[in-house]
Amino acid sequence: MPDAADIQLRKGVLELCVLALLSRGDSYAYEIAARVPTEIGMAEGTVYPLMRRLQTDGLVETYLVESASGPSRKYYRLTQAGRAAVSARAAAFTALAGAVRRLIGDAA
Amino acid sequence: MTQAEFLTRLRRALAGTPPGAAEEIVRDYESHFREGLAAGRSEAEVAASLGDPDRLGREHRAEQGLRRWEAQRTPSAAFGALAGVVGLGAFDILVVAPVVTSLGSVVLTLMLAAFGCVFGGLFVGVFGLLTGMPGAPAVPLLLSLGLMSFGVCVGSLGVLAAAGLIRAGLWWARVHLRLVEPGTGPLSGALS
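Listed in order, the protein sequences are those of chains A and B.
Using the numbering used here, the first residue of the first sequence is number 1, and each one after it goes up by one.
Using the numbering used here, the first residue of the second sequence is number 1, and each one after it goes up by one.
I should point out that these hints are in silico values taken from the structure, not numbers from a laboratory.
Check before you lean on any hint, since a few could be wrong.
Residues of chain A placed beyond 12 Å of chain B at every Cβ, according to the derived structure [as the list claims (entries may be wrong)]: (1) D26; (2) P71; (3) R102.
Each computed DMTMM-like pair below joins lysine to aspartate or glutamate, with the alpha-carbon atoms no more than 20 Å apart [stated by the list, open to error]: (4) K74/A to D52/B; (5) K74/A to E23/B; (6) K74/A to E24/B; (7) K11/A to D52/B; (8) K74/A to E31/A; (9) K11/A to D57/A; (10) K11/A to E31/A; (11) K74/A to D26/A; (12) K74/A to D106/A; (13) K74/A to D57/A; (14) K74/A to E61/A; (15) K11/A to E30/B; (16) K74/A to E30/B; (17) K74/A to D54/B.
Far from chain A, by Cβ distances over 12 Å, these chain B residues were calculated [as the list claims (entries may be wrong)]: (18) T8; (19) H32; (20) G146; (21) S149; (22) W171.
We put the CB at the ideal spot given by N, CA and C, even for glycine.
All chains should be built: construct the whole structure from the sequences, respecting the hints.
Okay, structure coming up:
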């Protein structure tokens with residue numbers, strides 16, 4: 001069972017990964033949930049509170065796409081602010097990961 | 001767990017969220033089940049992959065509470081936000097709780113003392129005037145006004161302290177639980 005610190009670390013990374021996914025193309029919640037959280041050891045459901053928060057923070061916006069077979073799907077796309085956030089945070093993460101890797105050295 | 005069980009537990013965990021928002025949230029999970037079933041997964045599989053509905057509900061509540069606080073900085077929004085955050089960070093709270101309780105007690109005592117002064121002042125004034133206390137009417141009136149003003153002053157300080165405590169609590173929540181503001185996560189400008 002991952003501890004609280006571990007979960008917080010993954011939560012921080014989840015946001016960056018979801019934003020990065022959206023920067024490569026609009027997507028809908030189920031697809032995001034299926035592709036991202038499990039890769040970093042989190043439950044698919046954690047995507048949903050995250051998407052709501054990203055909307056509140058103005059980093060993503062939603063639009064509906066009609067579907068021939070069933071109800072319409074809610075799609076997410078990045079806003080201007082969202083695009084800026086992705087570049088900034090991806091850069092910050094890369095810098096951090098590089099530093100950590102150097103510090104860890106041969107420990108892992 | 002079936003879809004119905006999952007959604008029931010989720011709804012229960014969402015209690016306290018405004019109905020409009022709660023229904024929106026539930027609909028998102030319903031869509032998720034629909035997509036999952038269409039992809040050939042069973043209800044049990046989808047429910048398991050989503051995770052614990054109680055925890056998800058709490059995360060949503062915390063997110064909603066903070067949303068409301070950011071939109072309208074009212075005392076009730078503050079308590080709503082704190083309640084949501086407390087539900088989420090239960091374990092961490094066990095460490096901070098004694099400190100918060102002590103500070104809260106101090107503030108409460110201040111407020112009680114303030115009320116005491118105000119009512120005491122009122123009592124002295126009325127009693128002094130009615131029973132013709134030596135120096136009446138000036139002494140009891142001045143004493144009364146003095147006590148009441150002091151009480152109001154202490155009371156105002158208590159309110160400021162309470163607001164400060166709530167602000168500190170929410171700041172702690174942001175830093176510790178990373179529920180708000182992109183700017184406070186480890187992958188943000190906080191690194192620079």
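Structure-based check of all given hints:
1. D26: Since the minimum Cβ distance to chain B is about 16 Å, D26/A lies beyond 12 Å and the statement holds.
2. P71: Non-interface label fails for P71/A: nearest chain B Cβ at 7 Å, not farther than 12 Å.
3. R102: R102/A is indeed farther than 12 Å from all Cβ atoms of chain B, at 15 Å.
4. K74/A to D52/B: Cα-Cα ~23 Å, so violated.
5. K74/A to E23/B: This hinted pair holds, its Cα atoms lying about 15 Å apart.
6. K74/A to E24/B: Since the Cα atoms of K74/A and E24/B sit roughly 12 Å apart, the hinted pair holds (cutoff 20 Å).
7. K11/A to D52/B: holds, 16 Å
8. K74/A to E31/A: holds, 11 Å
9. K11/A to D57/A: holds, 16 Å
10. K11/A to E31/A: Holds, at roughly 18 Å.
11. K74/A to D26/A: holds, 10 Å
12. K74/A to D106/A: violated, 46 Å
13. K74/A to D57/A: Holds, because 18 Å separates the two Cα atoms, which is no more than 20 Å.
14. K74/A to E61/A: holds, 10 Å
15. K11/A to E30/B: Violated - the C-alpha atoms of E30/B and K11/A are around 23 Å apart, more than 20 Å.
16. K74/A to E30/B: Holds, because 12 Å separates the two Cα atoms, which is no more than 20 Å.
17. K74/A to D54/B: Outside the cut-off at roughly 24 Å; violated.
18. T8: holds, 15 Å
19. H32: violated, 5 Å
20. G146: holds, 49 Å
21. S149: holds, 44 Å
22. W171: holds, 16 Å
Going down the numbered hints, you'll see the structure goes against 2, 4, 12, 15, 17, 19, while the others check out.
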